[in-house]
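A.B. asks: As given, the protein sequences belong to chains A and B, one line each in that order. The letter at position 70 of the first sequence is residue 70 when you use this note's numbering, and the numbering goes up by one with no holes. The letter at position 22 of the second sequence is residue 22 when you use this note's numbering, and the numbering goes up by one with no holes.
A hint or two may mislead.
[What the hints assert, rightly or not] Just a few of them, taken from the derived set where beta-carbon distance is under 8 Å, the chain B residues facing chain A:
no.	residue
1	F78
2	P80
3	Y86
4	V87
Think of the hints as simulated: they come from the structure by calculation, not from any bench. Don't be surprised by glycine CBs; every beta carbon is placed ideally from N, CA and C.
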Amino acid sequence: MAERSGLAVHPKYYGAKIDPGMKLPGDTRLLRDVKLYEVPKWLMQRNWTPLGMYFSLKRIKWAVHSKWVRKRNHGGNFYAMLGISLGIFNYLCEYHRLKAERKRKYH
Amino acid sequence: MFSRLLANSGRRLISKNSPLCLRVINAQRYSNAAVVTQATNKVAVANAYPAQLKDWENFKMPGAPYDGMGPLPPLEEFDPKMARHYVIPEDWFQFLYPRTGTTGLYTFFATVGTMLVSKEFYIITPDSWYTLTLIAVCVTIAKLAGPSIRNFFEEARTDLFKALENVKAEDVAGLQELVDNIKLEQWRAGAQKLINDAKQVNLAMMLETEYLNRQATVVETIKRQLDYQVAVQKVDTELAHGHMVNWIEKKVMKTITPESQKATLASCIAQLNTMASK
Numbered sequence: 001m002a003e004r005s006g007l008a009v010h011p012k013y014y015g016a017k018i019d020p021g022m023k024l025p026g027d028t029r030l031l032r033d034v035k036l037y038e039v040p041k042w043l044m045q046r047n048w049t050p051l052g053m054y055f056s057l058k059r060i061k062w063a064v065h066s067k068w069v070r071k072r073n074h075g076g077n078f079y080a081m082l083g084i085s086l087g088i089f090n091y092l093c094e095y096h097r098l099k100a101e102r103k104r105k106y107h
Numbered sequence: 001m002f003s004r005l006l007a008n009s010g011r012r013l014i015s016k017n018s019p020l021c022l023r024v025i026n027a028q029r030y031s032n033a034a035v036v037t038q039a040t041n042k043v044a045v046a047n048a049y050p051a052q053l054k055d056w057e058n059f060k061m062p063g064a065p066y067d068g069m070g071p072l073p074p075l076e077e078f079d080p081k082m083a084r085h086y087v088i089p090e091d092w093f094q095f096l097y098p099r100t101g102t103t104g105l106y107t108f109f110a111t112v113g114t115m116l117v118s119k120e121f122y123i124i125t126p127d128s129w130y131t132l133t134l135i136a137v138c139v140t141i142a143k144l145a146g147p148s149i150r151n152f153f154e155e156a157r158t159d160l161f162k163a164l165e166n167v168k169a170e171d172v173a174g175l176q177e178l179v180d181n182i183k184l185e186q187w188r189a190g191a192q193k194l195i196n197d198a199k200q201v202n203l204a205m206m207l208e209t210e211y212l213n214r215q216a217t218v219v220e221t222i223k224r225q226l227d228y229q230v231a232v233q234k235v236d237t238e239l240a241h242g243h244m245v246n247w248i249e250k251k252v253m254k255t256i257t258p259e260s261q262k263a264t265l266a267s268c269i270a271q272l273n274t275m276a277s278k
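Please build the complete structure, drawing on both the sequences and the hints.
C.D. replies: Okay, structure coming up:
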């Protein structure tokens with residue numbers, strides 16, 4: 001499978017000009033395409049400033065929306081996945097309190 | 001592994017003065033296939049996010065909408081096959097397909113689920129029964145009533161658009177009628193043109209006849225006046241002639257006596273006798 005760009009921006013940029021002032025990550029590979037020995041280097045290259053983190057959240061949002069929501073006659077897949085993710089996140093937050101209800105003695 | 005990590009994540013010792021072969025190997029090793037080329041204008045990057053923004057009213061964020069941007073590209077049609085069982089993306093299956101085949105992800109979930117339950121990371125509580133029933137009920141409702149609910153909301157949303165479109169269609173039909181009527185009137189006016197031309201010809205003829213008539217009356221009037229003068233003169237001369245003739249006859253009759261009548265008569269007879277004898 002060919003490597004593809006893991007950069008998700010607002011759809012208005014598809015085919016349009018991108019200002020030179022825009023701070024896009026230089027390495028736009030997907031994390032699955034980054035070799036293991038390159039991961040620390042890849043991590044150091046990311047933008048860990050508050051604005052950079054905000055931009056990464058924006059990119060995540062546009063990636064998910066472009067794939068699941070910004071389609072004609074889209075279904076409720078996004079909302080179902082969102083609900084399941086929130087359920088799992090809530091379980092992770094509450095696990096500490098559920099430890100008392102464990103039945104087995106040895107784990 | 002960690003030594004390799006450290007070795008490869010550190011600062012590279014290869015610079016532009018290194019041998020060419022080493023630089024080539026380095027480039028091949030650290031090259032990225034699909035990288036968006038970033039402009040190397042560092043001054044522009046620095047000025048785009050200024051530290052102190054004085055002219056905040058006219059500031060434009062990089063990547064903000066600009067004039068002449070044009071419309072966004074049209075949305076693609078949603079493919080329900082993108083998600084298997086409605087919540088698992090197909091990409092996850094394709095990610096494991098090269099190594100594990102078609103049932104890779106199912107095996108993965110089964111094994112991970114077994115591990116979670118056996119090590120009691122996922123604890124079986126009454127809540128888990130509620131979760132399962134909730135999922136079952138949601139799925140049943142979605143399968144049975146989902147399409148009808150969706151159609152209901154879409155009809156409610158599109159009824160407004162349909163009404164507006166009908167209004168527009170009615171207006172368009174009325175205007176089309178107007179246009180047709182105007183075209184008809186224009187066609188009819190083509191016939192009116194012929195009538196108007198004939199009327200113009202008639203009018204011209206009538207004007208000409210009137211002109212000639214008036215010319216004739218003018219000529220006649222002048223001729224009458226001149227004839228009057230001529231008649232008056234004639235009457236004068238006739239009067240004069242008549243008067244003169246009467247006066248002369250009177251004078252002549254006065255000179256005629258019976259003796260002179262007899263003398264003239266005898267002379268006439270004598271002349272006649274002479275003429276008869278010849």
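A.B. asks: Compare the structure with each hint and give your call.
C.D. replies: We went through each hint and held it up to the structure:
1. F78: With a minimum Cβ separation of about 4 Å from chain A (threshold 8 Å), the hint on B:F78 holds.
2. P80: holds (6 Å)
3. Y86: With Cβ-Cβ at 6 Å, under 8 Å, it holds.
4. V87: At 5 Å from the nearest chain A Cβ, B:V87 passes the 8 Å test, so the hint holds.
Taken one by one, the earlier hints all hold for this structure without exception.
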